[in-house]
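Undergrad: What follows is the residue order along each chain.
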Amino acid sequence: MLSRVADSIYWMTRYIERAENIARFINVNLNLSLDMASDVSGAWQPLVMTTGDYDVFEKGYGANYSKENVIQFLALDHKYGNSIISCVAAARENARSVREIISSGMWEQINRSYLMLKDAAKNDLAIKAPHRFFKGITALSHMFTGLLHATMSQGEAFHFALLGQLLERADKTSRILDVKYFMLLPKPENVNSPYDVIQWGAVLKSTSGFETYRKQFHRIVPKQVCNFLIFDPNFPRSVRCCLISAQCALHKITGTQRGTVSNPAEKSIGRLCADLDYSDIDDVMSAGMHEYLDDLQTKINQVGIDIRETFFKIPDNQMEQTSVQVQ
Amino acid sequence: MKFSNYSPAEYYDELFHKDGTVRDGARKLIDTIESLPEDALLIKQQSAETSLLQLGNTFNVYGSEEGTEKILPFDIIPRIIEDREWQQIEKGLQQRIHALNLFLEDIYHDKKIIKDKVIPEDLIMSCAAYRKQMEGFTPPKGIWCHVTGTDLIRDTDGKFYVLEDNLRCPSGVSYVLENRQVLKRTFPEVFASSRIRAVDEYPHKLLATLENLLPATASNPKIGVLTPGRYNSAYFEHSFLAQQMGIELVEGQDLVVSNDRLYMRTTKGLSPIDVLYRRIDDDFIDPKVFRSDSMLGVPGIMSAYFKGRVAMANAPGTGVADDKAVYAYVPKIISYYLGEDPILPNVPTYVCWDDKDRAHVLDNLDKFVVKAANESGGYGMMIGPHADKAEREEFARRIKANPRTYIAQPTISLSQVPTVIGDHFEGRHVDLRPYVLYGEDIYVLPGGLTRVALRKGSLVVNSSQGGGTKDSWVLNDTF
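In order, the protein sequences belong to chains U and E.
Take the first sequence: its letters are residues 1 to 327, numbered as in UniProt numbering.
Take the second sequence: its letters are residues 1 to 479, numbered as in UniProt numbering.
One or more of the hints may lead you astray.
Said to hold, decoys possible - Cut-off 27 Å, straight-line C-alpha distance, at most; resulting in silico cross-link-like pairs (DSSO-like, lysine-lysine):
#  : chain 1 : residue 1 : chain 2 : residue 2
1  : E       : K222      : U       : K252
2  : U       : K313      : E       : K222
3  : E       : K115      : E       : K332
4  : U       : K122      : E       : K70
5  : U       : K67       : U       : K135
6  : U       : K299      : E       : K91
7  : E       : K268      : U       : K252
8  : U       : K267      : E       : K268
9  : E       : K456      : E       : K18
10 : U       : K135      : U       : K215
11 : E       : K205      : E       : K91
12 : E       : K111      : E       : K141
13 : E       : K332      : U       : K79
14 : U       : K313      : E       : K44
15 : E       : K132      : U       : K313
16 : E       : K456      : U       : K118
17 : E       : K132      : E       : K117
18 : E       : K28       : E       : K44
19 : U       : K118      : E       : K44
Stated by the list, open to error - Computed spacing ranges between beta-carbons, pair by pair:
#  : chain 1 : residue 1 : chain 2 : residue 2 : range
20 : E       : G246      : U       : G146      : 34 to 44 Å
21 : U       : A150      : E       : E38       : 33 to 43 Å
22 : U       : K122      : E       : Q253      : 28 to 38 Å
23 : U       : K122      : E       : R185      : 21 to 31 Å
Claimed, not checked - Incomplete in silico selection of chain U near chain E, CB under 10 Å:
#  : residue
24 : R92
25 : M152
26 : V197
27 : R214
The set of hints was computed from the structure by calculation and includes no laboratory data.
Virtual Cβ for every residue (Gly too), placed ideally from N, Cα, C.
Based on the sequences and whatever the hints tell you, model everything.
TA: Now the structure itself:
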């Protein structure tokens, strides 16, 4: 398929997944702030901190990290490139440029989602009924993923779609864990307090992993939760599970077997999956949770860079070579 | 909503006779609308608009901010064309396109029509769309204009006239297909009981037209639609057509020429492509041959084209046949090449380049519509009877400065169709753009795009000037 098309499909699903994860972030904070009414003053700042875009925030809103400001910024701010509405708009632009490749159902779903968000930006729904609003975003994203699986032929385009979605999801799960650390670090006395259990429960809920975790491990133990969200081979939002599926999608695209390597993208994702296969939560703890997650995110980024170099860009010198081969 | 207060007034009405009785072909539709409960039609109109918006069939306004993306205004009352009228239109268009194609082949080769003094040499050579690079070249199978959209209007006398030809990259056919989808949902009862000719075969016919350009030996050929990209106002159409035909939608950046062969950049390296339905203008196709500053096209593609290694529809250089000054000569072109009288008449046209014509135009500016020969989209025109003194003086100045670039036509009272305006019907002026494909034979899509001037009294139907669209029904008596 066309490199440009592959690029657009990959980013279309990445952006939808990103929008969903922002909604998840916000939703978990909404729940938390209700449970911890006495300690809400700094509850919204960490959300902006984990995006890394606090300078953008402060340019527009000053240092006032109120719930309203943070929700407006993360959900509906057109000027902020990583807000939900900007992500959905970007997904829609990508979808528009590959409309002839994706199913019309997928296009219509993205288009409807965008129109709905534009309306919401006008009528303040995100502030007035935030729970409903952010649940709605998650549902829109799920419907999109459902359409992807139910209506799109499982060829190359489909696997690029999965690749974008799964890499984004792996990255965001690691960031959700990081938020928790950001919130806890200043207060070591809270470790293992009921407060802590509530917070770890919220982290699990924001990844839809609460029920699965409970069934497997019953008691909420911070280390076990981290283990689950990073290493669990079966939970669809754990970092490892996402990356293994992404690796499968990548090999479906190139047609090579897992375990063999034909390009830099396969190499970097293969190495990352092997890392995850052969390390455990104790390794994470000894490296330091935040440091480990930071390193993980850098490696996921590298996979993204290698995918771009391998599939989306064809350098001019390689072009001449390939064309000689084709003839 | 009822038609009891609707009057066709002094214009030709597509659905009603002058005395207010319903034309035969429209009876079923009018009866259906009359039988609807109060407000039902408005609900139908709104749901049609919503469904177009949700389908995302919007067009971008150049240079516009987010939020100004809009659907082409759509009115649910169709225009109806009866079988016997359509047969004339079809024959007339086939004749016209046949002759224009012979004309294009001739002026890029022997120029017999000039030598025989049927059309002045200066007029052709000064045409902005004339491409010297095409001289001596014959496109595959001798076909230049594979896709044409010819604009027709109907005057007060009920006769169809050709208003202009569009042989470069005529757009709008996607709206014909989408409008039909919406109308089938809006008036299913009328479709079920009328013989409305289907338009859905267009993508199939277009694909066949493109396949016709392939050498018979081509195995597993690749065909693509070449678009300037998603910021182009017709991008929706480009992507829609590629999707409907199941072929690649490519941009200039996706393509590269190597050893006179055209390739697409794919995830697995370069892959050859054989035919392009190009939707970018001549000027931008190849910076090595035409405008060197173009980023939209593909360097070297013309060289591959001249060597017959890639085919293009339409051929570069076809624009010379839709220059508005050349238009005035089309009846002569038809008689010259085919020895026939034109079936579809032109609107009488004065070419300002001609001294006598110009003098007449300048003396009667208040009666004429003046148009720039190389403009389209309703730009660069003046409607004499509606223009004020200053505007007329301005156009007089422009005509004297550049006589070659202006033509003038009498104002024609375009026919009208009842249109939903607020909570009632009003007549609005329409034109008709049927689409013609030149492949193994010349095919005319039954129907076409009806553009409607939504502003009261306006004669300008262009979408860039606030026009909308309607579905066009061609009735079929023969089955």
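Undergrad: Would you mind marking each hint as holding or not holding in the structure?
TA: Hint check:
1. E:K222 to U:K252: Given pair K222 (chain E), K252 (chain U) holds - Cα atoms ~24 Å apart, limit 27 Å.
2. U:K313 to E:K222: The given pair, whose Cα atoms are some 22 Å apart, holds under the 27 Å limit.
3. E:K115 to E:K332: OK: K115 (chain E) and K332 (chain E) at ~14 Å, within 27 Å.
4. U:K122 to E:K70: holds, 18 Å
5. U:K67 to U:K135: Distance ~17 Å between K67 (chain U) and K135 (chain U) Cα, so the pair holds.
6. U:K299 to E:K91: Not satisfied, since the Cα-Cα distance of roughly 67 Å exceeds 27 Å.
7. E:K268 to U:K252: holds, 13 Å
8. U:K267 to E:K268: OK: K267 (chain U) and K268 (chain E) at ~17 Å, within 27 Å.
9. E:K456 to E:K18: Since the Cα atoms of K456 (chain E) and K18 (chain E) sit roughly 20 Å apart, the hinted pair holds (cutoff 27 Å).
10. U:K135 to U:K215: holds, 24 Å
11. E:K205 to E:K91: OK: K205 (chain E) and K91 (chain E) at ~18 Å, within 27 Å.
12. E:K111 to E:K141: holds, 19 Å
13. E:K332 to U:K79: violated, 59 Å
14. U:K313 to E:K44: Violated: K313 (chain U) and K44 (chain E) sit about 48 Å apart, past 27 Å.
15. E:K132 to U:K313: violated, 36 Å
16. E:K456 to U:K118: Not satisfied, since the Cα-Cα distance of roughly 32 Å exceeds 27 Å.
17. E:K132 to E:K117: holds, 20 Å
18. E:K28 to E:K44: It holds: about 17 Å lies between the C-alpha atoms, which stays within 27 Å.
19. U:K118 to E:K44: holds, 24 Å
20. E:G246 to U:G146: 34 to 44 Å: violated, 24 Å
21. U:A150 to E:E38: 33 to 43 Å: For A150 (chain U) and E38 (chain E) the Cβ distance comes to about 41 Å; the hint holds.
22. U:K122 to E:Q253: 28 to 38 Å: holds, 36 Å
23. U:K122 to E:R185: 21 to 31 Å: holds, 28 Å
24. R92: holds, 8 Å
25. M152: Check failed: Cβ of M152 (chain U) comes no nearer than 13 Å to chain E, outside 10 Å.
26. V197: Constraint on V197 (chain U) not satisfied, violated at 44 Å.
27. R214: Since chain E brings no Cβ nearer than about 40 Å to R214 (chain U), farther than 10 Å, the hint is violated.
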